[in-house]
Amino acid sequence: VGNLKGGTGKSTIAVNLACALAAAGEPTIVIDADPQLTATRWLRGRKVPASVFEAPLGDFAATPAWIAELQEIRRHNAFVIIDLPAVLGAALASALLLADLMLIPTSPSAIDLSATTRTLQRVARAAAERRMGVLHSLVVPTRIDAGWFDDGGLRRLKIRVPSPLAPPIRRSELFAQAFDAGNWIGGFAPRSPAHRDIRALMAAARKALKSPPPLPKPTAVRTAAVIAAGLTA
Numbered sequence: 001v002g003n004l005k006g007g008t009g010k011s012t013i014a015v016n017l018a019c020a021l022a023a024a025g026e027p028t029i030v031i032d033a034d035p036q037l038t039a040t041r042w043l044r045g046r047k048v049p050a051s052v053f054e055a056p057l058g059d060f061a062a063t064p065a066w067i068a069e070l071q072e073i074r075r076h077n078a079f080v081i082i083d084l085p086a087v088l089g090a091a092l093a094s095a096l097l098l099a100d101l102m103l104i105p106t107s108p109s110a111i112d113l114s115a116t117t118r119t120l121q122r123v124a125r126a127a128a129e130r131r132m133g134v135l136h137s138l139v140v141p142t143r144i145d146a147g148w149f150d151d152g153g154l155r156r157l158k159i160r161v162p163s164p165l166a167p168p169i170r171r172s173e174l175f176a177q178a179f180d181a182g183n184w185i186g187g188f189a190p191r192s193p194a195h196r197d198i199r200a201l202m203a204a205a206r207k208a209l210k211s212p213p214p215l216p217k218p219t220a221v222r223t224a225a226v227i228a229a230g231l232t233a
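The opening position of the sequence shown corresponds to residue 1 in the working numbering, with each subsequent residue numbered one higher.
Don't take every hint at face value.
[To be verified] Ranges between beta-carbon positions, derived for each pair: (1) 109 to 174: 17 to 25 Å; (2) 180 to 7: 17 to 25 Å; (3) 127 to 165: 16 to 24 Å; (4) 69 to 181: 28 to 36 Å; (5) 109 to 78: 16 to 24 Å; (6) 190 to 61: 41 to 49 Å; (7) 54 to 88: 15 to 23 Å; (8) 177 to 6: 15 to 23 Å; (9) 88 to 182: 26 to 34 Å; (10) 61 to 177: 19 to 27 Å; (11) 61 to 26: 32 to 40 Å; (12) 180 to 206: 26 to 34 Å; (13) 59 to 210: 32 to 40 Å.
It is worth saying that the hints were derived from the structure and are not from the lab.
In this text, a Cβ means the ideal position worked out from N, Cα and C, and glycines have one as well.
Make the full structure from the sequences, and use the hints.
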């Protein structure tokens with residue numbers, strides 16, 4: 001889950017999507033690669049169904065070891081969700097070499113959409129570099145206000161964003177309240193509109209994934225540092 005702009009709802013989506021998957025019986029872990037560690041604060045020591053592993057990556061030289069560690073974690077979980085920092089660096093580039101699906105949260109603002117376009121360009125470059133497996137992407141409209149659909153918001157977003165769109169996540173104070181309560185949205189406010197939005201996103205992500213591609217071969221891991229560095233050029 002990532003975007004080159006902060007404040008788009010990356011951690012909210014990573015945490016609540018992971019919990020929705022785990023609550024559905026799929027062991028799921030969040031890899032917190034964001035130095036702000038929002039996902040870690042949300043999940044660690046709390047009564048939530050998903051787990052979290054703190055793994056920031058700031059140095060391209062550490063990319064092979066980071067990828068190998070995540071591959072090992074993947075073997076013990078049905079889903080691994082990476083909460084990425086809002087910078088073009090080692091973590092984002094390396095995640096794009098591993099991921100089956102890139103979720104890109106964005107509000108409808110022009111600033112966020114500009115960053116989303118740049119993020120999608122990096123996704124396209126990473127897809128061309130990958131040695132095996134398909135890299136899917138979904139743009140997730142976030143913080144959507146009432147009336148956005150009636151005002152033609154979805155139509156305008158489809159014109160601006162050259163990527164499949166996930167169901168939107170509507171603006172809701174319930175997410176912040178769930179964080180304060182040490183819970184996820186499905187535990188804090190089950191069957192609320194916010195919970196339904198996360199469940200709809202989960203269904204869209206599953207549909208996009210269909211069957212996860214195989215993990216990269218060891219040769220891809222050994223050259224990952226070089227490839228990842230090239231993606232940030």
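Here's how the hints hold up against the structure:
Roughly 22 Å separates the CB atoms of residue 109 and residue 174, a value that falls within the hinted 17 to 25 Å. Between residue 180 and residue 7 the C-beta distance comes to about 18 Å, which sits within the given range of 17 to 25 Å. Range check, residue 127 to residue 165: Cβ separation about 18 Å, and the 16 to 24 Å hint holds. Checked against the hint of 28 to 36 Å, the pair residue 69 and residue 181 passes, with Cβ atoms roughly 31 Å apart.
At roughly 34 Å, the beta-carbon separation of residue 109 and residue 78 lies outside the given 16 to 24 Å, and the hint is violated. Distance hint check for residue 190 and residue 61: the Cβ-Cβ separation is about 45 Å, which falls inside the suggested range of 41 to 49 Å. A C-beta distance of roughly 21 Å is found between residue 54 and residue 88, which places it inside the suggested range of 15 to 23 Å. Under the hint 15 to 23 Å, the C-beta atoms of residue 177 and residue 6, about 21 Å apart, fit the expected range.
A C-beta distance of roughly 32 Å is found between residue 88 and residue 182, which places it inside the suggested range of 26 to 34 Å. As the Cβ distance of residue 61 to residue 177 is approximately 41 Å, the hint placing it in 19 to 27 Å is violated. Checked against the hint of 32 to 40 Å, the C-beta distance between residue 61 and residue 26 comes to roughly 33 Å, which is consistent with it. Distance hint check for residue 180 and residue 206: the Cβ-Cβ separation is about 29 Å, which falls inside the suggested range of 26 to 34 Å.
With their beta carbons about 34 Å apart, residue 59 and residue 210 fall inside the hinted range of 32 to 40 Å.
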